[in-house]
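Numbering (this note's numbering), first residue to last: 1 to 298.
Some hints could be false.
Derived EDC-like pairs: lysine to aspartate or glutamate, alpha-carbon spacing no greater than 16 angstroms straight-line [as the list claims (entries may be wrong)]:
| id | residue 1 | residue 2 |
| --- | --- | --- |
| 1 | Lys102 | Glu136 |
| 2 | Lys253 | Asp279 |
| 3 | Lys253 | Glu297 |
| 4 | Lys220 | Asp201 |
| 5 | Lys282 | Asp211 |
| 6 | Lys253 | Glu243 |
| 7 | Lys173 | Glu297 |
| 8 | Lys253 | Glu269 |
Each pair of labels, with its calculated beta carbon distance range [unchecked claim]:
| id | residue 1 | residue 2 | range |
| --- | --- | --- | --- |
| 9 | Asp195 | Ser263 | 13 to 21 angstroms |
| 10 | Ala42 | Gln11 | 18 to 26 angstroms |
| 11 | Ile39 | Asp281 | 38 to 46 angstroms |
| 12 | Gly104 | Gln261 | 54 to 62 angstroms |
| 13 | Asn244 | Gly104 | 22 to 30 angstroms |
| 14 | Gln261 | Ile222 | 16 to 24 angstroms |
| 15 | Asp296 | Lys158 | 21 to 29 angstroms |
| 16 | Ala277 | Glu150 | 19 to 27 angstroms |
Hints are computed from structural coordinates only; laboratory data are not their basis. For glycine and all other residues, C-beta sits at the position ideal for the given N, C-alpha and C.
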Amino acid sequence: PHDDRTVGVLQILNKRGESFDQIDERVLQAFAAHAATAIERAKLLLEAKKSQELRLAIEVGRKIQTSFLPSSLPEISGYQMAAWWQPAESVSGDYYDVLQLKDGRWGIVIADVSGHGVGPSLIMASARAMLRVMAEAGSAPHEILSLLSETIYEDLTKEGFFITCFLAALNSKRNQLVFANAGHGPVLHYHREEDSFSTLDATGLPVGVLDECVFAPSDKVILAPGDCVLLMTDGAFELHNAENEQFGVERIKDIIRQNAQSSAQELLEILRQAITAFDPDKLPPDDITILVLKRDEN
């Protein structure tokens with residue numbers, strides 16, 4: 001035994017056919033202890049190498065996943081956008097994107113794969129690729145999400161994953177937005193003139209829950225001057241502080257109201273600081289993604 005743990009067995013044979021004495025036993029015990037230490041050291045070195053290889057692999061995965069996110073958000077006439085992506089681990093199941101649809105409108109998407117770590121990040125990479133291909137072929141959000149659900153269903157059910165996803169099509173010339181919502185929420189629409197909120201509610205179940213999931217088209221959402229649409233994953237509002245108080249959606253609404261005159265980037269930074277300071281002694285337990293879309297005041 002070595003530190004009360006058996007790390008190996010040492011067998012000794014006396015070729016002279018004589019019994020071992022106490023001196024032999026002490027020598028063998030010393031040799032066994034030395035051998036056990038060498039074995040433990042070799043195991044630790046092997047584990048350290050594997051751990052380093054794993055860290056390197058995860059870091060590569062993080063860099064690859066980060067490259068999937070927009071390096072910069074497009075400039076849309078009359079609108080401002082800002083986004084924050086904060087994984088709980090090295091890789092994330094959260095995703096956002098802004099892309100041009102076939103008919104010239106802007107597609108705005110945020111999604112969240114259930115679970116944490118490498119598995120959800122791989123699913124998200126696959127879903128992102130599919131969404132981009134589908135966006136080049138079609139423009140209606142409800143049709144794109146229906147096709148995504150049909151295409152990726154088997155991959156999700158094999159591992160027990162599902163995806164909540166919100167996809168909007170913005171017509172910046174008419175200041176109109178239509179969307180499809182696969183169980184993702186809440187998506188907040190702040191009406192600047194009325195100082196009120198409405199939510200862009202789910203139009204279907206999360207992707208991967210049913211093999212045939214059809215999403216209904218939404219009504220047109222009119223974006224008035226100063227209006228703001230906030231897309232976020234649940235990590236932004238479900239985190240708790242040391243007193244077990246939840247950050248909550250109402251706190252986010254209050255921040256938006258109090259900073260209604262701020263730009264999209266300024267509002268995002270205020271939200272980021274508030275969320276980070278809510279429990280500064282520990283890292284958020286879930287991935288956090290926030291995307292702010294704001295129509296200019298004039």
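Results for each hint:
1. Lys102 - Glu136: Holds - the C-alpha atoms of glutamate 136 and lysine 102 are around 5 angstroms apart, at most 16 angstroms.
2. Lys253 - Asp279: With a Cα-Cα distance of about 19 angstroms, the restraint between lysine 253 and aspartate 279 is violated, given a limit of 16 angstroms.
3. Lys253 - Glu297: The given pair, whose Cα atoms are some 19 angstroms apart, is violated under the 16 angstroms limit.
4. Lys220 - Asp201: 13 angstroms, holds
5. Lys282 - Asp211: Cα-Cα ~39 angstroms, so violated.
6. Lys253 - Glu243: Distance of about 21 angstroms is beyond 16 angstroms: violated.
7. Lys173 - Glu297: Cα-Cα ~15 angstroms, so holds.
8. Lys253 - Glu269: Roughly 15 angstroms separates the two Cα atoms, so the pair holds.
9. Asp195 - Ser263: 13 to 21 angstroms: 18 angstroms, holds
10. Ala42 - Gln11: 18 to 26 angstroms: With Cβ atoms ~20 angstroms apart, the hint holds.
11. Ile39 - Asp281: 38 to 46 angstroms: 40 angstroms, holds
12. Gly104 - Gln261: 54 to 62 angstroms: 31 angstroms, violated
13. Asn244 - Gly104: 22 to 30 angstroms: 48 angstroms, violated
14. Gln261 - Ile222: 16 to 24 angstroms: Hint holds: Cβ distance 21 angstroms, inside 16 to 24 angstroms.
15. Asp296 - Lys158: 21 to 29 angstroms: 46 angstroms, violated
16. Ala277 - Glu150: 19 to 27 angstroms: Between alanine 277 and glutamate 150, where Cβ atoms are some 43 angstroms apart, the hint is violated.
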